[in-house]
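Chemist: Same order as they appear, the protein sequences are chains A and B. First residue of the first sequence? That's 0 in numbering that gives the first Met the number 0, and the numbers climb one at a time after it. First residue of the second sequence? That's 0 in numbering that gives the first Met the number 0, and the numbers climb one at a time after it.
Heads up, some of the hints might be wrong.
Unchecked claim - In silico EDC-like links for lysine to aspartate or glutamate, alpha-carbon gap of 20 Å or less: (1) B:Lys-264 - B:Glu-227; (2) B:Lys-264 - A:Glu-150; (3) B:Lys-421 - A:Glu-172; (4) B:Lys-175 - B:Glu-185; (5) B:Lys-133 - B:Asp-169; (6) A:Lys-66 - B:Glu-107; (7) B:Lys-67 - B:Glu-51; (8) B:Lys-192 - B:Asp-418; (9) A:Lys-66 - B:Asp-80; (10) B:Lys-224 - B:Asp-137; (11) A:Lys-66 - B:Asp-110; (12) B:Lys-200 - A:Asp-165; (13) B:Lys-200 - A:Glu-172; (14) A:Lys-66 - B:Asp-137; (15) B:Lys-234 - B:Glu-289; (16) A:Lys-66 - B:Asp-114; (17) B:Lys-234 - B:Glu-219.
Quick caveat, the hints were computed from the structure, so don't treat them as lab data.
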Amino acid sequence: MTTTLNRSATPGAAKPKPTFKQRLSIFDVKASPYFYVAPFFILFALVGLFPLVYTFFVSLFDWHLLKGQGQFVGLENFAEILQDRFFWNSLFNTVSIFVLSAVPQLALALFLAAVLDQNLRAKTFWRMSILLPYIVTPVAVAMIFTNMFGEQYGLINNILGNFGLDPVMWKNETFPSHVAIATMVNWRWTGYNALILLAAMQAVPRDLYESAALDGAGAVRRFFSITLPSIRPTMVFVVITATIGGLQVFTEPRLFDPATAGGSQRQFQTTVLYLWEMAFQRQNFGKASTIAWLLFLIIVLFGFINYLISRRIATADAGRPSRAARRTIAARKRAERTNR
Amino acid sequence: MKFSRRNTAAAIAGAAALALIATGCAGSSDQPAGAGNPVELTVTTFGTFGYEGLYAEYEQANPGVTIKATNIDRGSNARTDAFTKLAAGSGLTDVVAIEEGWLGSIMEVSDQFVDLKDHGAADIQANWVDWKFKQGTDPAGRVIGYGTDIGPQGLCYNGKLFEAAGLPSDRESVAKLFGGQDATWEKYFELGKQYKAATGKAWYDQSGFVWNSMVNQMEEGYYTKDGELNVDGNKEMKGKFEMLAAGTAAGLSANQTQWDWGNGKAFVDGSFATFVCPGWMLGTIKGQLESAGGGAGSGWDFADVFPGGASNWGGAFLSVPKTSEHPAEAAKLAAWLTAPEQQVKQSAAANNFPSTLKAQEKLVQDATPNVLFNNAPTGAILANRAKGVVAQFKGPDDSVIQENVFGPALKSLDAGTADAGKAWSEALRLLNDLVVNN
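Input sequences plus hints: build the corresponding full structure.
Modeler: Okay, here's the thing in structure tokens:
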């Protein structure tokens, strides 16, 4: 008994103690990956998470921009903002501008990408030129478009006037102002989205198209049955980024009428613009933080809905035909192999 | 373990050294600038200040000082800039220009600015028009701003358009036409209707500026002297609003976009014939005419008259925030820039009107003709217009009331979408939402 006891005790002692170097290398293997990914999370915590949490903290107080922290009011700011007619007005404007910009923008981007995906001469030239609007600063874009959409001296109203038509009140009427701002947004982002979609289209195997063409599928059919389903993940990405960007639109409406915060009667005051007015004109930092948080929640909600919808559209439209197409290709390949 | 502890110690030592270096830099600030101690002073102004030449002059006279200047396009953007940086607690330049309209907000946090009395403000107090110096002093008696210009108002009018309408066009006759010393707003609107009948064109560019002039003229504006809101139930103010609304309803407003005017085209194409002109506005008009390709031939002139008597609109102050690393040098620069000799030069460059007595006298003596305004001696006229101006108390939300409460209401009058009663009640509703229940 004693020997066995001794024996059982000795193997542990006999096991060589790992040297410092060894221990270091074990530590290296185990911990290094976390250090490699840490910079992102540290940065995110610093510039993403902390502001988010701090904004929520501020939203619980009466907080004056210049005078700083005041009384704790709990969720009172949220209750007040949810009853604020200007908040709902800004939300309506944001969604309206978003719909007017995202839908035509993505449709046009898809079309442009499909065209650029064909065998064109001077491909790079065309691809670069659709990105050109994106690299122009928004301020310059806004200046040019503000001149075009001027009510009394604008280019568009001048042209309308030459045809004897009434001028459009681009800044004083709600719908025209939304169209004008959506135009600016579209001009800037269509090329960018087209390029991303193009990259996805380039990855679609060419033999799919060839087989479909041999089967007698026209260009339109090929686009809807092969291209669209194949780039679905990219579509989802583009739709979601467009949603986030669209709900945060600020520069274009801000510069469309620099003298007011989104139109004299708030015709095109978006939510971010209202947040800005609340913080820097009304100097109510608590309520501004509340708006920021509500906007955050709304964007998350919209992003989720969008994700569901865009998944559904991509599958419903083209799920079956694509599977059928794939089957025919597989069948043809099999046939080819047996022929050989 | 020892290894890592040594590392931590090293890191702490390093950080401490960095902190020492940082504070060391700030510590040297009290030394006066010179060839051996170069100091960079940053300055933020807005609109047309005309300081470019003066910066160069100051740099030459004070070796070791370099000035880095930023000019923001308009006052409202400068306000956002200043407020953001005040809230953040950093980022303000060594010298900051503050507009009269948002001085009320600044006064609520006046302890964030250097008391200029520590840098000799009391010695030069007599330079300024009395009320201007008082405006820059907070309730505790700390001087937080040296006055630059003030905004006595005269009447800009377009001589060519007046002639076309059969009205007299020379300055003296125009001043008489409006009633000289006894000019009233009633007369102004009556003449507007005459002009409209003769030409079919508008009389003023938009209602907003006329309204600002009317309110600035009152003994108490949006706030009483005691700092109480003074809009709801203010019969005098409502009466003026109705008068303006009636004028606009008669087609006297050209419904122009404030601060834009179609990139100045409205000043060239005869859209309107009169314009309310505080001193600094002459510089604005100059910029507008230049961007629209207009010039001395556009017909604009400046008359020594103003409806309703003396009126002051705006004017700025130069302040030194507590965050400045070189408060003494910054205060010295601010005092120099606002001294009478420099105010005269500023007035020539920016077309505005000085706030120091000696500079005003000089403008009267010189009576330099202003080419852009049909050779009118604009400086001398403004000196005359400044007589009897009383400083109005500006409350903390003065600029919000002007822009966000009355702005939309007046715009709806201009656009013809509301009558006087509807516009006034909309203004009150906005006041309630934006100021009272903010």
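Chemist: Indicate, hint by hint, whether the structure satisfies it.
Modeler: Each hint tested on the structure:
Pair hint B:Lys-264 plus B:Glu-227 does not hold up; C-alpha atoms about 41 Å apart against a cutoff of 20 Å. In summary, the hint linking B:Lys-264 to A:Glu-150 is supported, as the alpha carbons are separated by about 13 Å, within the 20 Å threshold. Annotation: proposed proximity of B:Lys-421 to A:Glu-172 holds, straight-line Cα distance about 18 Å (limit 20 Å). Note on B:Lys-175 and B:Glu-185: the hinted pairing holds, with a Cα-Cα distance of about 15 Å set against a maximum of 20 Å.
Restraint check for B:Lys-133 and B:Asp-169: not satisfied, since their Cα atoms lie roughly 38 Å apart, outside the 20 Å limit. Distance hint between A:Lys-66 and B:Glu-107 is fulfilled; the C-alpha atoms sit about 8 Å from each other, no more than 20 Å. Taken as a hint, the B:Lys-67 and B:Glu-51 pair is honoured in the structure, with Cα atoms around 11 Å apart against an allowance of 20 Å. The straight-line distance between the Cα atoms of B:Lys-192 and B:Asp-418 is roughly 18 Å, inside the 20 Å bound, and the hint therefore holds.
Under the criterion of a C-alpha separation no larger than 20 Å, the hint pairing A:Lys-66 with B:Asp-80 is consistent with the structure, at around 16 Å. About 14 Å separates the Cα atoms of B:Lys-224 and B:Asp-137, which keeps this hinted pair within 20 Å; it holds. Our distance criterion of 20 Å between C-alpha atoms is met by A:Lys-66 and B:Asp-110, whose separation comes to about 11 Å. Annotation: proposed proximity of B:Lys-200 to A:Asp-165 holds, straight-line Cα distance about 19 Å (limit 20 Å).
For the suggested pair B:Lys-200 and A:Glu-172, the alpha carbons sit about 24 Å apart, so the restraint of at most 20 Å is broken. Of the supplied pair hints, the one linking A:Lys-66 and B:Asp-137 holds, its CA atoms being roughly 16 Å apart against a limit of 20 Å. Restraint check for B:Lys-234 and B:Glu-289: the C-alpha separation of about 41 Å exceeds 20 Å, so the hint is violated. Restraint check: the Cα-Cα separation between A:Lys-66 and B:Asp-114 comes to about 19 Å, which is no more than 20 Å; the hinted pair holds.
Only pairs whose Cα atoms come within 20 Å are accepted, and B:Lys-234 paired with B:Glu-219 is accepted, the gap being roughly 12 Å.
Of the numbered hints listed earlier, those contradicted by the structure are 1, 5, 13 and 15.
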